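Please model the complete structure; the sequences and the hints are all you need to start from.
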Amino acid sequence: MVVIICGPTAVGKTAVAVELAQQFGTEIISADSRQCFKELNIGVAKPSEMQLSAVPHHFINSHSIHDDINAGIFENYALQAAEKIFQHQPVAIMVGGTGLYIKAFTDGMDMMPEVNLDLRKKITESYEKNGLEYLQMQVAKNDPAFWAVAEQENPQRLMRALEVAISSGKSITTFRKGKKEIRPFDIMKIGLELPREQLYERINHRVDVMVQDGLIEEVQELLPQKHNNALQTVGYREFFDFFDRRNSREQAIAKVKTNTRHYAKRQLTWFKKDEEVHWFNADSNTLLQSISELISRFSPSPAP
Numbered sequence: 001m002v003v004i005i006c007g008p009t010a011v012g013k014t015a016v017a018v019e020l021a022q023q024f025g026t027e028i029i030s031a032d033s034r035q036c037f038k039e040l041n042i043g044v045a046k047p048s049e050m051q052l053s054a055v056p057h058h059f060i061n062s063h064s065i066h067d068d069i070n071a072g073i074f075e076n077y078a079l080q081a082a083e084k085i086f087q088h089q090p091v092a093i094m095v096g097g098t099g100l101y102i103k104a105f106t107d108g109m110d111m112m113p114e115v116n117l118d119l120r121k122k123i124t125e126s127y128e129k130n131g132l133e134y135l136q137m138q139v140a141k142n143d144p145a146f147w148a149v150a151e152q153e154n155p156q157r158l159m160r161a162l163e164v165a166i167s168s169g170k171s172i173t174t175f176r177k178g179k180k181e182i183r184p185f186d187i188m189k190i191g192l193e194l195p196r197e198q199l200y201e202r203i204n205h206r207v208d209v210m211v212q213d214g215l216i217e218e219v220q221e222l223l224p225q226k227h228n229n230a231l232q233t234v235g236y237r238e239f240f241d242f243f244d245r246r247n248s249r250e251q252a253i254a255k256v257k258t259n260t261r262h263y264a265k266r267q268l269t270w271f272k273k274d275e276e277v278h279w280f281n282a283d284s285n286t287l288l289q290s291i292s293e294l295i296s297r298f299s300p301s302p303a304p
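Going by my numbering, 71 is the number at position 71 of the sequence shown; the sequence numbering is gapless.
By construction, these hints were calculated from the structure, which means they are not laboratory data.
For lysine-lysine, the following DSS-like pairs were computed, each having C-alpha atoms within a straight-line distance of at most 30 Å:
(1) 226 - 121
(2) 257 - 129
(3) 141 - 272
(4) 103 - 38
In this text the structure is predicted, and so the values were computed from the model without any measurement.
Here's what the structure looks like:
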């Protein structure tokens, strides 16, 4: 069985996953589209060194920002990792907030339509000329269904959705498989949530801690790579603008908080549509006990 711990950013998924993995004597597969990059650390809220040493992790520091990583690559990687874990443990833990990656693992990847290379070039040039806000407006206009759940600060995903919408006349969301892949193992989805104001307070506090821990210095070291696809994401783009003197330090920090809150809202929209998710209050005193009992009822073998 693979137990998937999902939910919005900053809700506390990592700590819960580590505790569960220790309790069940198993390993963790990360389902985060950014924590796999070894060059990114503070801004992607990676597990601490203590957490990484306490439990074996997969898809953490496993790739470079120069690698082309997508949901299809994650699907294959995670399936192989799960197979290895099952050789010595009946339960594996997956944790993350990248809904598309989790969907690829549970349901299989979608077959996307072929896109004309000239169209792709045209969209890329348009983005480079007019900027992110223009790209966002185009996606919202041409694919409102995707826009409602998209990682709206990620230009690569926005350009991909736009090229599919223009070339096919359909939303990229319509190419999701109607029939799920049948996996040779059971899957249980655990969702963690908090009241909105409490979650937003956690997000704001975490950004402040990231800055104290050296996030701005981390971004500064990555300035030569600022056009890399992997860095077109919340927590990095805002400070690239700061170093380009497009905003102040305080404005950059405030924008990271705002964009992270918006991302968390979209994550919840995505996961709440999945009727297979068992939801728990992340602040409950009996959280770990309740999740462990649920897993044990369906696990091939009881928790040690």
